[in-house]
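Produce the entire structure from the sequences given, and follow the hints as far as they go.
These are the residues of each chain, in order.
There are 2 protein chains.
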Amino acid sequence: MSLDNVLARIDADLDAATERLIALLRIPSISTDPAYKADCERAADWLVDDLQSLGVKAQKRPTPGHPMVVGHVEGDGPHLLFYGHYDVQPVDPVELWDRDPFDAALEDTGAGRVIRARGASDDKGQLMTFVEACRAWKAEHGALPCRITFFFEGEEESGSPSLVPFMRDNADELRSDIALICDTGLFESRVPAIITQLRGLLGEDFTITGPDRDLHSGMYGGIAMNPIRVLTRILAGLHDDNGAVTLPGFYDDVPELPDEIRDQWQGLNFDHARFLGDVGLKAAAGEQDRSPLEQIWSRPTCDVNGIWGGYTGDGFKTVLPSQASAKLSFRLVGQQDPDRIRKAFRSYLESNLPEGFSVTYRSEKGSPASQMSTGNPAFEKARKALSDEWPQPAAYAGCGGSIPIAGYFKDILGVDAMLIGFAKDDDQIHSPNEKYDLESFHKGIRSWARILDALTG
Amino acid sequence: MSLDNVLARIDADLDAATERLIALLRIPSISTDPAYKADCERAADWLVDDLQSLGVKAQKRPTPGHPMVVGHVEGDGPHLLFYGHYDVQPVDPVELWDRDPFDAALEDTGAGRVIRARGASDDKGQLMTFVEACRAWKAEHGALPCRITFFFEGEEESGSPSLVPFMRDNADELRSDIALICDTGLFESRVPAIITQLRGLLGEDFTITGPDRDLHSGMYGGIAMNPIRVLTRILAGLHDDNGAVTLPGFYDDVPELPDEIRDQWQGLNFDHARFLGDVGLKAAAGEQDRSPLEQIWSRPTCDVNGIWGGYTGDGFKTVLPSQASAKLSFRLVGQQDPDRIRKAFRSYLESNLPEGFSVTYRSEKGSPASQMSTGNPAFEKARKALSDEWPQPAAYAGCGGSIPIAGYFKDILGVDAMLIGFAKDDDQIHSPNEKYDLESFHKGIRSWARILDALTG
Chain D
1 MSLDNVLARI DADLDAATER LIALLRIPSI STDPAYKADC ERAADWLVDD
51 LQSLGVKAQK RPTPGHPMVV GHVEGDGPHL LFYGHYDVQP VDPVELWDRD
101 PFDAALEDTG AGRVIRARGA SDDKGQLMTF VEACRAWKAE HGALPCRITF
151 FFEGEEESGS PSLVPFMRDN ADELRSDIAL ICDTGLFESR VPAIITQLRG
201 LLGEDFTITG PDRDLHSGMY GGIAMNPIRV LTRILAGLHD DNGAVTLPGF
251 YDDVPELPDE IRDQWQGLNF DHARFLGDVG LKAAAGEQDR SPLEQIWSRP
301 TCDVNGIWGG YTGDGFKTVL PSQASAKLSF RLVGQQDPDR IRKAFRSYLE
351 SNLPEGFSVT YRSEKGSPAS QMSTGNPAFE KARKALSDEW PQPAAYAGCG
401 GSIPIAGYFK DILGVDAMLI GFAKDDDQIH SPNEKYDLES FHKGIRSWAR
451 ILDALTG
Chain A
1 MSLDNVLARI DADLDAATER LIALLRIPSI STDPAYKADC ERAADWLVDD
51 LQSLGVKAQK RPTPGHPMVV GHVEGDGPHL LFYGHYDVQP VDPVELWDRD
101 PFDAALEDTG AGRVIRARGA SDDKGQLMTF VEACRAWKAE HGALPCRITF
151 FFEGEEESGS PSLVPFMRDN ADELRSDIAL ICDTGLFESR VPAIITQLRG
201 LLGEDFTITG PDRDLHSGMY GGIAMNPIRV LTRILAGLHD DNGAVTLPGF
251 YDDVPELPDE IRDQWQGLNF DHARFLGDVG LKAAAGEQDR SPLEQIWSRP
301 TCDVNGIWGG YTGDGFKTVL PSQASAKLSF RLVGQQDPDR IRKAFRSYLE
351 SNLPEGFSVT YRSEKGSPAS QMSTGNPAFE KARKALSDEW PQPAAYAGCG
401 GSIPIAGYFK DILGVDAMLI GFAKDDDQIH SPNEKYDLES FHKGIRSWAR
451 ILDALTG
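Protein chains in written order, with the working numbering: chain D, 1 to 457; chain A, 1 to 457.
By construction, these hints were calculated from the structure, which means they are not laboratory data.
A hint or two may mislead.
A pair holds if it fits inside one copy or across any two, identical chains being indistinguishable in the list.
In the SDA-like style, the derived pairs of lysine to any residue whose C-alpha atoms are separated by at most 20 Å in a straight line are [unchecked claim]:
| hint | residue 1 | residue 2 |
| --- | --- | --- |
| 1 | K282 | L96 |
| 2 | K282 | D212 |
| 3 | K365 | D314 |
| 4 | K410 | D212 |
From a predicted model like this one, the values you see are computed outputs, not experimental measurements.
As structure tokens, then:
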């Protein structure tokens, strides 16, 4: 049976596949920091070369930001598109890493072998699961099973500014029968999952200015309004005592969860005490009248991702600063409109500024939530294929993260997206010491081989 | 008349005196940052050399931190002690300076000539007014008018950790008839002032820890409590809507202002709209039922001097951070006890931490408020001498800043302290582009010559 041959080849080639991933991980392709622009180019070049070695017609395609990598192979049957991203998050606080974040290596841990590096899980390791499945397929069969388009982005961790224009400009080339996206995880690190709903994301980055210079708190303390005091009052007012967001109209377009989905999620037996305990937390912080999975998957949030102002160095400085700043993000669900939420936030903020204070915004684009079309038969085929590979049957799950690309495929290209990934909860993506389990990588490659077989069989 | 000769010599020597000050300002003696330790030593050495050139027996005296400079000249009449500090504040945000903060120079501005550099006003320029007055006196008379002790500190801007032990260990050597301190300003930049009350200071520097690692806000946003959210709620809760501090018992030891002092302050015709307008502010932020001068001079405050947490670099990172931190200071008045206030703050903070959160403190020592003994006849003599030098008669004023040394002279040595200084409100001490008016420097030197004459005549 030919699928078995492909799976056997994947097993035999695992060491070499791991070495290839490590080579890609050693390129520090941090997209949000301009200092790493050349490294993002290098990562794109590496992928073009690797795809070409599979007989894929691959090219680096320029954008106003970091380049896209697009590759095509012709074939019969369905036209599949595979999406991943080669850029990674910043590494700070770098002093909390146990090794250089870009000196990727295999490590043996009490819980098995892991590939340790920034991007190991998010998303270079996941991206390579699909590429390696194709490599094994091609080696075994001499050709890939169908027409496939590879589409790799380099700006996912910095808000994908070039993605929508690129998809619009190249819609005919990218339109396919289904888009496969590998940027999600196993449910509770053990149940293979197809993500059927994703939260949207809206970022706000702003600076409040009060006095026109830094002041001495001995001279002005008491009489001069402190911008940090203004900022903390504004941020503290964003949640009520029950954990709900206070912006007027914030919940207007938030649907109640259908009973069937609530039942299905209930069946997943989510252990929220373990989920929080694993990261040193004891109590849930979201709306207290919502179940933990609802809080993560289907309720909107507001979080401060960064705050700064005044003197933050060693020692003490009795300064009353001129400015205070914060970076905020909202996770959106249902029909919440990023522009409306932004407007509500800014109106709240500005109405709470003292007379004479001003605010400047560094805008971040927003994306609404996405709901997948599970009616497409590819979903059930993929679910069966995943269930064959893993010890537990695959589930349809929600995801609290924001992968706006899923919505773009539907909105711009009219293509359904299917999100399948193999990350684990403890992969520490976006954190120090990110890793990807060798098991995730190995069974991930095998999973894609099974899905390719199921979708083209 | 010999005082006239001294004053004439001061006028003639002004250019050379300015050059000497500029040389001292070029030494970046930032005491709070360990990177500048050698520069603090250099500044102390410079002062020892300069005092020795006046015939003063001066020495650098070691402490666990930066050295003291102590010098003595013998003489008849009263024993005067002069205190100043040779250390300076950090310079960040350095990009807001119009020149290198340590490339000191004279500049012509629309409002006259100024000496521009970090420390020009606070406190190297002020310290040198006294030294230069002594230089002119000595040049004219061949000797100083009385016994004088020079006492210069290098840790004033970082909380003076070595000061009290040094004063205790050397009490006999430092005990004098009166201590002259030059680290304050003219009232509203025009009225010479002797400061008769000072606020105390208490610093708190702390970090709140929630989750034991940075989290992805897509994965954990909603369910995981964000330490920045906790911090902003705690800080926002420190003031009520009226601007009063909410800590239980905070105002217990705050006396009401005596009517006579209120009347005297009223007579100063303080223009608080101009005071705030000069730094771009429109409304007063303190307790709304208190007069502006009360808010600055005789009411306690709480200000956040620094705040930081999460991602603060370029671009965006949807991180839910493990920690959030702040530096806070309280200005204290009356009999407020720094230790009691610290305890009240920590108790408030800790009672507002969610279950499982922790806090670590980096302690800063506190100092209570000071009240000067204006009954000492030296006060009236100095007030008359100042009134002879300046266009307006000198005033007894309060000061919102904290110069704990004044209290230490009284408590440790039993010596009354007299605070006289020539800084202006727009000197931008602790801020970018600090300056000292050449007029402050010149008339400051002349003022000390007059005061020396009045106290020893």
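Consistency of the hints with the structure:
1. K282 / L96: neither (23 Å within a copy, 44 Å between copies)
2. K282 / D212: So K282 and D212 pass the 20 Å test across copies only (11 Å; inside, 43 Å).
3. K365 / D314: between (35 Å within a copy, 15 Å between copies)
4. K410 / D212: Neither: 48 Å inside a copy, 38 Å across copies.
Comparing the model with each earlier hint shows violations of hints 1 and 4; every other hint is respected.
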